[in-house]
Amino acid sequence: MKVLEETKSIGLPRFLPRAAFLTLLQQKVTDVSMIPFEFVDKIWSYLGDVVVSVWLRHCDNYPQLLSCTRRAVKNLIDKKQQSIEWVKDMVEMEKLTDYTCNPEYMASCNKLMSRQDEFIKIVNGLETSSDIQIDGFGLINGSHLHGKGSVVDAFDVKMRMTAYWDIVLRRMVDNMALHLIFSIQNLVKKEMQTEIIDELIGPQAIAWRGCWRSLLPLLKADEAGDKHQVAQGVQERCCQHHGQGCRQFRLRLEMLELG
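Numbering (our numbering), first residue to last: 844 to 1102.
Hints are computed from structural coordinates only; laboratory data are not their basis. As the structure is a computational prediction, the values presented were derived from the model and not from experiment. Please note that a few of the clues may not be correct.
[As the list claims (entries may be wrong)] Keeping only pairs whose Cα atoms sit at most 25 Å apart, straight-line, the calculated PhoX-like set for lysine-lysine is:
#1 LYS931 <-> LYS871
#2 LYS964 <-> LYS954
#3 LYS923 <-> LYS885
#4 LYS871 <-> LYS964
#5 LYS885 <-> LYS931
#6 LYS885 <-> LYS1001
#7 LYS917 <-> LYS954
#8 LYS871 <-> LYS1032
#9 LYS1001 <-> LYS922
#10 LYS917 <-> LYS938
#11 LYS885 <-> LYS1032
#12 LYS923 <-> LYS1033
#13 LYS923 <-> LYS964
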């Protein structure tokens, strides 16, 4: 009711000011906005521990890869800032407007609004009981609102906000889950190998990235195998593509063989 008074303006009766709804919506989104940020931080911290553990286990037989793998993992986990920026955008979008195409909104809103007449009668003292049972709110006493203005509008805004807020929460949860699943899949299947290549080879990473993409799957798949055979096979494959100009890359492979 206070928000309705603050947003009151000249206009037709029974047309609720959209500013009132958006003000309440922004307050509610702000109240829960820290939860997704904390969740993202926890997920990336946990992911860092898991990724480090798995990759280092795969590198047990290749000590030369350990240090660059640690650095690569750290660099990727630092990319959690991208997720934080994504969460900021998500929160701001929810504050920006009241929109949904979910049919559950109208169904829920109509169900809640169907109790309006009974509630107004209680407020006006036209019912023997001063309590009313409303889904999602429990037992409500409306007698203390007798004589106050904007009760009808306040009830309308409250019920609409209740129906819409349920949509907002589920939308935020779904979007967060999809974003994290996509980010983790992208990290494991694409970014991790590229980052290790960059750390291992340095400035020549771009030129030799294609070669090392052949090496890393072999390292993971052949942990107990012959390191000389693995390195030699990849060296031959790379030299076929780059000719004899791969001296520095071959030195790296020789280091692996010596390990």
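Checked hints:
A distance of roughly 15 Å separates the Cα atoms of LYS931 and LYS871; the hinted pair therefore holds under the 25 Å criterion. A hinted pair counts as satisfied when its Cα atoms are at most 25 Å apart, and LYS964 with LYS954 qualifies at roughly 18 Å. For a cut-off of 25 Å, the pair hint linking LYS923 to LYS885 stands: about 10 Å separates their Cα positions. For the given pair, LYS871 sits about 29 Å from LYS964 by alpha-carbon distance, which is inconsistent with the 25 Å threshold.
Straight-line distance between C-alpha atoms of LYS885 and LYS931 comes to about 16 Å, which keeps the hinted pair within the 25 Å bound. Between the alpha carbons of LYS885 and LYS1001 the distance comes to roughly 34 Å, so the proposed pair goes past 25 Å and is violated. Distance hint between LYS917 and LYS954 is unfulfilled; the C-alpha atoms sit about 51 Å from each other, more than 25 Å. For a cut-off of 25 Å, the pair hint linking LYS871 to LYS1032 is broken: about 38 Å separates their Cα positions.
Our distance criterion of 25 Å between C-alpha atoms is broken by LYS1001 and LYS922, whose separation comes to about 40 Å. Taking the CA atoms of LYS917 and LYS938, the gap is about 34 Å. The hint is violated against a cut of 25 Å. For the given pair, LYS885 sits about 21 Å from LYS1032 by alpha-carbon distance, which is consistent with the 25 Å threshold. Between LYS923 and LYS1033 the CA atoms are separated by roughly 16 Å; this keeps the pair inside 25 Å, and the hint holds.
For the hint pairing LYS923 with LYS964, the CA-to-CA distance comes to about 54 Å; that exceeds 25 Å, so the pair is violated.
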